[in-house]
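Quick note, the sequences are listed as chains F and Y, same order. The first sequence begins at 1 in my numbering and counts up by one. The second sequence begins at 1 in my numbering and counts up by one.
Everything labelled a hint here was simulated from the structure, so no lab data went into it. You may find that some hints are simply not true.
[What the hints assert, rightly or not] With a cut-off of at most 25 Å between alpha-carbon atoms, the simulated PhoX-like pairs for lysine-lysine come out as follows:
no.: 1; chain 1: F; residue 1: Lys27; chain 2: F; residue 2: Lys71
no.: 2; chain 1: Y; residue 1: Lys71; chain 2: Y; residue 2: Lys56
no.: 3; chain 1: F; residue 1: Lys51; chain 2: F; residue 2: Lys71
no.: 4; chain 1: Y; residue 1: Lys68; chain 2: F; residue 2: Lys44
no.: 5; chain 1: F; residue 1: Lys51; chain 2: F; residue 2: Lys62
no.: 6; chain 1: F; residue 1: Lys44; chain 2: Y; residue 2: Lys100
no.: 7; chain 1: Y; residue 1: Lys71; chain 2: Y; residue 2: Lys54
no.: 8; chain 1: Y; residue 1: Lys37; chain 2: Y; residue 2: Lys5
no.: 9; chain 1: Y; residue 1: Lys37; chain 2: Y; residue 2: Lys112
no.: 10; chain 1: Y; residue 1: Lys100; chain 2: Y; residue 2: Lys5
no.: 11; chain 1: F; residue 1: Lys62; chain 2: Y; residue 2: Lys68
no.: 12; chain 1: Y; residue 1: Lys54; chain 2: Y; residue 2: Lys112
no.: 13; chain 1: Y; residue 1: Lys68; chain 2: Y; residue 2: Lys100
no.: 14; chain 1: F; residue 1: Lys44; chain 2: Y; residue 2: Lys5
no.: 15; chain 1: F; residue 1: Lys71; chain 2: Y; residue 2: Lys100
no.: 16; chain 1: Y; residue 1: Lys112; chain 2: F; residue 2: Lys27
no.: 17; chain 1: Y; residue 1: Lys68; chain 2: Y; residue 2: Lys54
no.: 18; chain 1: F; residue 1: Lys44; chain 2: Y; residue 2: Lys37
no.: 19; chain 1: F; residue 1: Lys51; chain 2: Y; residue 2: Lys100
no.: 20; chain 1: Y; residue 1: Lys71; chain 2: F; residue 2: Lys44
no.: 21; chain 1: Y; residue 1: Lys100; chain 2: Y; residue 2: Lys56
no.: 22; chain 1: F; residue 1: Lys62; chain 2: F; residue 2: Lys44
no.: 23; chain 1: Y; residue 1: Lys37; chain 2: F; residue 2: Lys27
no.: 24; chain 1: Y; residue 1: Lys56; chain 2: Y; residue 2: Lys5
[To be verified] Pulled a few chain Y residues facing chain F out of the computed Cβ check, cut under 8 Å:
no.: 25; residue: Pro40
no.: 26; residue: Glu42
no.: 27; residue: Gly43
no.: 28; residue: Ser93
no.: 29; residue: Ile102
no.: 30; residue: Phe103
no.: 31; residue: Ala105
no.: 32; residue: Gly106
Built from N, CA and C at the ideal position, the CB exists for glycine as well.
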Amino acid sequence: NAGVMQNPRHLVRRRGQEARLRCSPMKGHSHVYWYRQLPEEGLKFMVYLQKENIIDESGMPKERFSAEFPKEGPSILRIQQVVRGDSAAYFCASSPRDRPTGELFFGEGSRLTVL
Amino acid sequence: DQQVKQNSPSLSVQEGRISILNCDYTNSMFDYFLWYKKYPAEGPTFLISISSIKDKNEDGRFTVFLNKSAKHLSLHIVPSQPGDSAVYFCAASVGTGGFKTIFGAGTRLFVKA
Chain F
1 NAGVMQNPRH LVRRRGQEAR LRCSPMKGHS HVYWYRQLPE EGLKFMVYLQ KENIIDESGM
61 PKERFSAEFP KEGPSILRIQ QVVRGDSAAY FCASSPRDRP TGELFFGEGS RLTVL
Chain Y
1 DQQVKQNSPS LSVQEGRISI LNCDYTNSMF DYFLWYKKYP AEGPTFLISI SSIKDKNEDG
61 RFTVFLNKSA KHLSLHIVPS QPGDSAVYFC AASVGTGGFK TIFGAGTRLF VKA
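Put together the whole structure using the sequences plus the hints.
Okay, here's the thing in structure tokens:
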């Protein structure tokens, strides 16, 4: 499967625990984006990364949230000390360096439920 | 600050008729616009895009129109099919390279058989 792979697809955490969401971009893609979709809302930009660099994190909450895209391995979105309001679908997208059509390729999402 | 707005949360259309989904934007720096389609429990998939140097782009049953002076774009689906029932997101970016893409809240389209 050459698509964007996200895991886990579903994650349940209790308040105060940590959540780690992983994203493997499409082969050949060097740009990764994370978006969050709260229930009944649209996609909210969180962070844009290239390998080993955070390019734009203007959509990331100031506390508890962090993201990385190491030289080797998947991109990881980390949420520390989760609260109920963090319950959402988190989508990862990737793109090649050049995007002739502007298209992003999305994974199927990771659905986080905080009890 | 909502830079990309889809003011209609839902739209219901009869099969075979035209579906028109609308989108407004506020940031005049946007020069690339896209539509994505999303089914429940799946990720969004790209549908069609248009750059600001054009006012129309067509791909099969899907046509996107851009009115830069009004900062408005629309997606036309004709004829509409039941399989088109999904949430449609309008999105915009500055260029196609290393910039974030901003999404609207989405419009849920129901196509009735």
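Now the hints, each set against the structure:
1. F:Lys27 <-> F:Lys71: holds (14 Å)
2. Y:Lys71 <-> Y:Lys56: Distance ~14 Å between Lys71 (chain Y) and Lys56 (chain Y) Cα, so the pair holds.
3. F:Lys51 <-> F:Lys71: holds (6 Å)
4. Y:Lys68 <-> F:Lys44: Distance of about 24 Å is within 25 Å: holds.
5. F:Lys51 <-> F:Lys62: Given pair Lys51 (chain F), Lys62 (chain F) holds - Cα atoms ~22 Å apart, limit 25 Å.
6. F:Lys44 <-> Y:Lys100: With Cα atoms ~11 Å apart, Lys44 (chain F) and Lys100 (chain Y) stay inside 25 Å; holds.
7. Y:Lys71 <-> Y:Lys54: This hinted pair holds, its Cα atoms lying about 13 Å apart.
8. Y:Lys37 <-> Y:Lys5: At roughly 16 Å apart (the allowed maximum being 25 Å), Lys5 (chain Y) and Lys37 (chain Y) satisfy the hint.
9. Y:Lys37 <-> Y:Lys112: Holds. Lys37 (chain Y) to Lys112 (chain Y) sits at ~18 Å (cutoff 25 Å).
10. Y:Lys100 <-> Y:Lys5: holds (16 Å)
11. F:Lys62 <-> Y:Lys68: Distance ~35 Å between Lys62 (chain F) and Lys68 (chain Y) Cα, so the pair is violated.
12. Y:Lys54 <-> Y:Lys112: Violated - the C-alpha atoms of Lys112 (chain Y) and Lys54 (chain Y) are around 32 Å apart, more than 25 Å.
13. Y:Lys68 <-> Y:Lys100: holds (20 Å)
14. F:Lys44 <-> Y:Lys5: holds (13 Å)
15. F:Lys71 <-> Y:Lys100: holds (21 Å)
16. Y:Lys112 <-> F:Lys27: Violated, because 39 Å separates the two Cα atoms, which is more than 25 Å.
17. Y:Lys68 <-> Y:Lys54: Answer holds: Lys68 (chain Y) to Lys54 (chain Y) is near 9 Å, not above 25 Å.
18. F:Lys44 <-> Y:Lys37: holds (16 Å)
19. F:Lys51 <-> Y:Lys100: Judged against 25 Å, a Cα distance of about 16 Å means the pair holds.
20. Y:Lys71 <-> F:Lys44: Roughly 21 Å between the alpha carbons, so the hint for Lys71 (chain Y) and Lys44 (chain F) holds.
21. Y:Lys100 <-> Y:Lys56: Judged against 25 Å, a Cα distance of about 23 Å means the pair holds.
22. F:Lys62 <-> F:Lys44: At roughly 15 Å apart (the allowed maximum being 25 Å), Lys44 (chain F) and Lys62 (chain F) satisfy the hint.
23. Y:Lys37 <-> F:Lys27: The hint holds at about 23 Å.
24. Y:Lys56 <-> Y:Lys5: It holds: about 20 Å lies between the C-alpha atoms, which stays within 25 Å.
25. Pro40: violated (10 Å)
26. Glu42: holds (6 Å)
27. Gly43: holds (3 Å)
28. Ser93: holds (6 Å)
29. Ile102: holds (6 Å)
30. Phe103: holds (4 Å)
31. Ala105: holds (4 Å)
32. Gly106: holds (5 Å)
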